[in-house]
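Novice: With the hints as your guide, set chain B onto chain A.
2 protein chains.
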Amino acid sequence: MSNAIPAGYKPQTSETLPDYLAIKLPAAIKLGGTPDQWQVTEVGDGNLNMVFIVKGLAKTIVVKQALPWLRAGGEGWPLSLTRAGFEYNALCHEAQFAGHKLVPEVYFYDQEMALFAMEYLTPHVILRKELIAGKKFTNLAYDVGTFIARTLFHTSDIGMPADKKKALTAKFALNHELCKITEDLIFTEPYYPAERNNWTSPQLDADVKKVWNDTQMIQVAMRYKFKFMTEAQALLHGDLHSGSIMVTQSDTKIIDPEFGFMGPMAFDIGNYIGNLLLAFFSRPGWDATAQACEEYQHWLIGQMEETWSVFVTHFRQLWNQKTQGEAWPVEIYQQCPDNDLAHDAREIAQDQFFETLFEDTLVNAGMEMNRRIIGFAGVADFKLIDDADLRAQCERRALAMARELIVNASLFENISSVGQFVLKGKYEY
Amino acid sequence: MSNAIPAGYKPQTSETLPDYLAIKLPAAIKLGGTPDQWQVTEVGDGNLNMVFIVKGLAKTIVVKQALPWLRAGGEGWPLSLTRAGFEYNALCHEAQFAGHKLVPEVYFYDQEMALFAMEYLTPHVILRKELIAGKKFTNLAYDVGTFIARTLFHTSDIGMPADKKKALTAKFALNHELCKITEDLIFTEPYYPAERNNWTSPQLDADVKKVWNDTQMIQVAMRYKFKFMTEAQALLHGDLHSGSIMVTQSDTKIIDPEFGFMGPMAFDIGNYIGNLLLAFFSRPGWDATAQACEEYQHWLIGQMEETWSVFVTHFRQLWNQKTQGEAWPVEIYQQCPDNDLAHDAREIAQDQFFETLFEDTLVNAGMEMNRRIIGFAGVADFKLIDDADLRAQCERRALAMARELIVNASLFENISSVGQFVLKGKYEY
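Keeping their order, the protein sequence lines are chains A and B. The C-terminal position of the first sequence is numbered 429 in the working numbering, with every residue numbered one higher than the one before it. The C-terminal position of the second sequence is numbered 429 in the working numbering, with every residue numbered one higher than the one before it.
With the rest of the complex left out, here is chain A (with noise of 0.2 Å):
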């Protein structure tokens, strides 16, 4: 895949998309009625990319064509198109080993036109909406934490033969553009007086200086930069947060995976429960009482808890029933002619992996909030609370909790602990 824009790409548009179509799509995908009858919507409002509703007679699709350019960012701001390969790539490989239940179905991919053709999702709605209406969903923590389970197994050492592992790690290593934008945003602006930087002002001026004077969290930042960039651990979803995520009452679809690379599992869990946390924090700008918001505020921890459960359950779960990746490798932990002495080995190798990552994992999520707060890409769970002062209250206490994973993760013994300390509220910063 080359950085140059392909001879045959032309951005689509509205009026030209039916045609090119009518040509393009699958003999298999029928939507009824002719090209003209087909209503066609653009409704991106993410920073990468157009999105395409395409409604025919029967049946109704979602077209995503990557621009060469970071849609955010305009035209001075150039991306290669290869990105739309990335995503359509990790979301077969998604599909493979969590089902169709939980990601979206493509219907094609062409190349040169850096575009796809996927499964619309209705009457799905994005989850961080959703999180700022204050609705709940009782599949959710199942669904999120068996996702990243069994994407990250598979496509890790531990579920997966080592030579298809290095491929995946070959062909993703190459998706380097994306990376750089996390490597950047998440990992090193929030950091320093970056321009980009972009938060509540005047507000949080004060709040936004100590961290940058903080030289015990920028070192660790800066370990776990070092971290994302060389942890090569499994196929990540890159961007695993709640405007990544698609839901009704009964159904979850995790989208967007065009940040796609190998990465350290810690941050995609991290990420997503990230995300819990700023929504968890931004409640006193949502909620009319305070009761609701501490009811909220409780079923947002409750799903932290379950989401990291689900997660380290289905994991493990995994990895007893393995029978190929090289690590931790049945040679050694259920071939052995002991099998109990194997089987204990094998629980306690499991419990060290789990504790390693669960630091990992609340490091991470304390780098995405900093960054959701300081950084270039804020969320609209803070963004959208117009008084600006409540809104700098509710994000200098995220701040405050941020600090806390970061620099003293090793302190919390498990998730329960975490969720206590949030609720409890005992964070200065």
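There's no promise every hint is true.
Said to hold, decoys possible - List time: in silico BS3-like cross-link candidates among lysine-lysine, alpha-carbon distance up to 25 Å: (1) A:K180 x B:K164; (2) A:K164 x B:K180; (3) B:K180 x A:K227; (4) B:K322 x A:K180; (5) A:K164 x B:K322; (6) B:K227 x A:K180; (7) A:K101 x A:K30.
Bear in mind the hints are in silico, worked out from the structure with no lab data behind them. Keep in mind the model is a prediction, meaning the values are calculated, not measured.
Specialist: Coordinates of chain B only, in the frame set by chain A:
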């Protein structure tokens, strides 16, 4: 690069090589005389390749060709030819960063023939041979320490731009077959009754069984296997033992990087230190007197300490001068408004980095020692000791030290503590 044998591939022999070279050798490399006057000797004593010395009237060169199987394993252990390309590429990168003072020059590479021609090193001798003979080399520690520092620094995210580093990761992730040899022979087989294991029997039978039941050590070994498989920190040599180094009294050349890939820095350093320690423990099999033994052992410990300290000093210096490389970025550590703070912070970041690296290095050294005594590929330092009882005695002490390094790595304060511990010999297994 594909795993299939290219149509034009054919194993060269001493008879066919001159005619092949007459056509392929770049004009600038003038062997002198006519092809029928060139003397060809096959000298490969490694496991993986054919190595020819081609002596013309004016100049001598070395030609190395990969065979489609692992040489020591015979045709029953197939191995793809692509490794010649990885070795060629690794040699080029190493020369770029460490210079031709430390890395042999390559004249040309023929992908189809899985062959390259390179500088003939004379009067260089393989370091392992010289260590067995009890020879000392003034520049060795400095040369090896700077080689490791330069190649690792400049191919890591600390010293190389992120996109270029990820391109290296992508390229070398495809060297999975040689990685698997390491994963199997170093990180797995010594820790269970694998068929290929090969130890001094029956003398060490009980010791080896102890290793297989040493759950505590095996857990650490498996964590480091995972690190080896996932930590894409820098372009490793991948096989940096005393058999991959050629020396004269004044010159050091690092050869044979066919195991090159993006892995944990501690692996290369640990490998080399592990081999110095193997040499240390083999001395009773080689030295005529206790005094000679002690004296040479002290020299070896000095080599270990100096190599590490040269490495750290040199790596730190490169880091202090860095202008690129997005880990521990200059924006935060060099261009901060308060320069003194930035300087202190950088030093602390480096201290933390080297602390982790040191612990990981010791574990990797221990892993190398174990595998050379228990696993498939032994070392001449021990194997050539004819008296099996004496050999086993040496090996037993090496195993005990290896266990200390693996299980108690974090207890060693610095490299001198390791040296003192080895010299005091207070370890039992």
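Novice: Would you mind marking each hint as holding or not holding in the structure?
Specialist: We went through each hint and held it up to the structure:
1. A:K180 x B:K164: holds, 12 Å
2. A:K164 x B:K180: Status holds; Cα separation ~12 Å.
3. B:K180 x A:K227: holds, 23 Å
4. B:K322 x A:K180: Answer holds: K322 (chain B) to K180 (chain A) is near 19 Å, not above 25 Å.
5. A:K164 x B:K322: violated, 35 Å
6. B:K227 x A:K180: holds, 23 Å
7. A:K101 x A:K30: Distance of about 22 Å is within 25 Å: holds.
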